[in-house]
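Kindly produce the complete structure, drawing on both the sequences and the hints.
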Amino acid sequence: MKRNLTVILFSVVLSVTAAVIITNYINESPDTFFYSSDEPSSLRQVVLEHQNFPDFTYAAESCVDAVVFVKVVKREKNREASILEHFFGYGNPYSMPRESVNSGSGVIISPDGYIVTNNHVVANGEQIEVTLNDNKTYKAKLVGADAVTDVALLKVEAEGLPVIPFGDSDSLRLGEWVLAIGSPFNLRSTITAGIVSAKGRSLPDMRGEFKIESFIQTDAAVNPGNSGGALVNTKGELVGINTAIASNTGSYTGYSFAVPVAIVKKVVDDIKEYGSVKRAVLGISMTELTQELASLAGMKGDFSGVYIADINKTGAAYAAGVREGDILVAINGRKMKSPSEVQAAINGYKPGDVVELLVYRDGKEMPIPATLLGESNAIAAAEGNEVKFMGATLADADEDALRKLRLRGGVEIKAIEKGKFKDAGITKGLIITHINQTPVSNVKEALDIMKSARRGFLVEGVYGNGEVYYYGVGV
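Numbering (numbering that gives the first Met the number 0), first residue to last: 0 to 474.
Honestly, the hints are just simulated from the structure, not real lab data. Among the hints, erroneous ones may be present.
[Said to hold, decoys possible] DSSO-like, lysine-lysine: derived pairs with alpha carbons at most 30 Å apart: (1) Lys264 x Lys443; (2) Lys403 x Lys349; (3) Lys198 x Lys271; (4) Lys450 x Lys271; (5) Lys264 x Lys336; (6) Lys277 x Lys450; (7) Lys277 x Lys427; (8) Lys198 x Lys336; (9) Lys334 x Lys234; (10) Lys234 x Lys70; (11) Lys427 x Lys403; (12) Lys349 x Lys140; (13) Lys427 x Lys443; (14) Lys349 x Lys312; (15) Lys271 x Lys154; (16) Lys419 x Lys140; (17) Lys349 x Lys336; (18) Lys417 x Lys271; (19) Lys73 x Lys138; (20) Lys403 x Lys299; (21) Lys198 x Lys349; (22) Lys277 x Lys264; (23) Lys264 x Lys419; (24) Lys334 x Lys73; (25) Lys413 x Lys271; (26) Lys443 x Lys154; (27) Lys135 x Lys271.
Pasting the structure below:
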């Protein structure tokens, strides 16, 4: 009897000691869960560290102060007055300039006042104002914008501002928790949560042109006003700029999209350094790799890569030795699975950078070094209504200059730096009157024609002394 009691007491002490040890181990170690399917051999261990549980308080509280409300005032130009209004002064309310106000969000990325937002939020804005989470308001200047990636960079005169540090959008995992922070429907500092639903999404713009190459898709609620706001991970790092929603109603219906911070950082760095985006181009047309295309290329078994359907014979890929029908497997060791991934990867480089392309041809993989070339359609905003294009700063010609030269309209070269315009022999002060024999009266008309040119365009203009010049500008 005495012996049994001793055994029982020993067992109790041993059990309590084991429980204490296990409890302490659990509290100090990552939580481990075991999942199994119906098959007994498919036991899988998943380790979840504490910060991966859905507690968003740190990310929310550390990031909300660095997301700003952006207010943009736009003014419509006066329409031409009718002959009766001109001579007899008949009033017409529609001839008065009208103001419209847009709003969105922005993200402070440096303590000295640089703010990232969407190009579509600030495009054509004459006055830009940002309001911080503490209700301080600043006038903002548009430093530069890139319509292709829908990214714009603003600057306010301030110091010591809260910032959100850049994260690594390339390392995002499907199912990872993210937060969207912005001002939907003017509701300042709104925070919503979701997961990464997909990566590398390509979406058409309103005209059906594919422009943004590699969206992050999330199910975090994003509505009008969220544009330009932050997409952050649970560490409080910026991983994207919220840009678009997929909706038939104009409001959130389960799908939202953000520009990856890897692309944002590259655009911001280029605008700061060059005043415009230096976008690299590989010079290939791609399509998804199917079983049929893989077999056509001689690839057996598991297949991965992007099929090169066409190639520009003046481009970087052709010069390096890539040919139509090749399969692009990797760029600098990074596996490529879709055309959008290729575009996103190339977007991270500048013209002149050398990348190693791994291509599959004739039953084997071969590494091919390629020197990337540039494209000419990068535009950046400057002061006021000026824009930079191909190294030239363009602006609507002022009325005095037009009157003096007896011109109806035109676009003046305000400044010129290294680029296609300078290579053509164009100098500062030229007022462009025609491009490809089409009259132009403002910068927008000029850009529309030049950006659509495939090989080059003809510029006709007048200098201040009245002399007319013609220049051929290559693309």
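Here's how the hints hold up against the structure:
In summary, the hint linking Lys264 to Lys443 is supported, as the alpha carbons are separated by about 27 Å, within the 30 Å threshold. Proposed proximity of Lys403 and Lys349 is contradicted: the alpha carbons are some 43 Å apart, above 30 Å. Only pairs whose Cα atoms come within 30 Å are accepted, and Lys198 paired with Lys271 is accepted, the gap being roughly 27 Å. Distance restraint check for Lys450 and Lys271: the Cα-Cα separation of roughly 23 Å lies within the 30 Å cut-off, and the hinted pair is therefore satisfied.
Taken as a hint, the Lys264 and Lys336 pair is honoured in the structure, with Cα atoms around 23 Å apart against an allowance of 30 Å. With a CA separation close to 15 Å, the supplied pair Lys277 and Lys450 stays within the 30 Å bound. Taking the CA atoms of Lys277 and Lys427, the gap is near 22 Å; set against the 30 Å cutoff, the hint holds. Taking the CA atoms of Lys198 and Lys336, the gap is near 11 Å; set against the 30 Å cutoff, the hint holds.
For a cut-off of 30 Å, the pair hint linking Lys334 to Lys234 stands: about 27 Å separates their Cα positions. For the proposed pair Lys234 and Lys70, the alpha carbon gap of about 29 Å is at most 30 Å, so the pair holds. The hinted pair formed by Lys427 and Lys403 meets the criterion: a straight-line CA distance of about 17 Å does not exceed 30 Å. At roughly 26 Å between alpha-carbon atoms, Lys349 and Lys140 fall within 30 Å of each other, so this suggested pair holds.
Among the hinted pairs, Lys427 with Lys443 is consistent with the structure: their alpha-carbon atoms are about 19 Å apart, no more than 30 Å. For the hint pairing Lys349 with Lys312, the CA-to-CA distance comes to about 20 Å; that is within 30 Å, so the pair holds. Taking the CA atoms of Lys271 and Lys154, the gap is about 11 Å. The hint holds against a cut of 30 Å. Between the alpha carbons of Lys419 and Lys140 the distance comes to roughly 27 Å, so the proposed pair stays at or under 30 Å and holds.
For the hint linking Lys349 to Lys336, the alpha-carbon distance of about 22 Å falls within 30 Å, and the restraint holds. Distance hint between Lys417 and Lys271 is fulfilled; the C-alpha atoms sit about 17 Å from each other, no more than 30 Å. For the hint pairing Lys73 with Lys138, the CA-to-CA distance comes to about 15 Å; that is within 30 Å, so the pair holds. Between the alpha carbons of Lys403 and Lys299 the distance comes to roughly 72 Å, so the proposed pair goes past 30 Å and is violated.
Taking the CA atoms of Lys198 and Lys349, the gap is near 23 Å; set against the 30 Å cutoff, the hint holds. Proposed proximity of Lys277 and Lys264 is supported: the alpha carbons are some 13 Å apart, at most 30 Å. Under the criterion of a C-alpha separation no larger than 30 Å, the hint pairing Lys264 with Lys419 is consistent with the structure, at around 26 Å. Taking the CA atoms of Lys334 and Lys73, the gap is about 44 Å. The hint is violated against a cut of 30 Å.
Distance hint between Lys413 and Lys271 is fulfilled; the C-alpha atoms sit about 20 Å from each other, no more than 30 Å. Between the alpha carbons of Lys443 and Lys154 the distance comes to roughly 24 Å, so the proposed pair stays at or under 30 Å and holds. Between Lys135 and Lys271, the direct Cα distance comes to roughly 25 Å. Compliance with the 30 Å bound is thereby established for this hinted pair.
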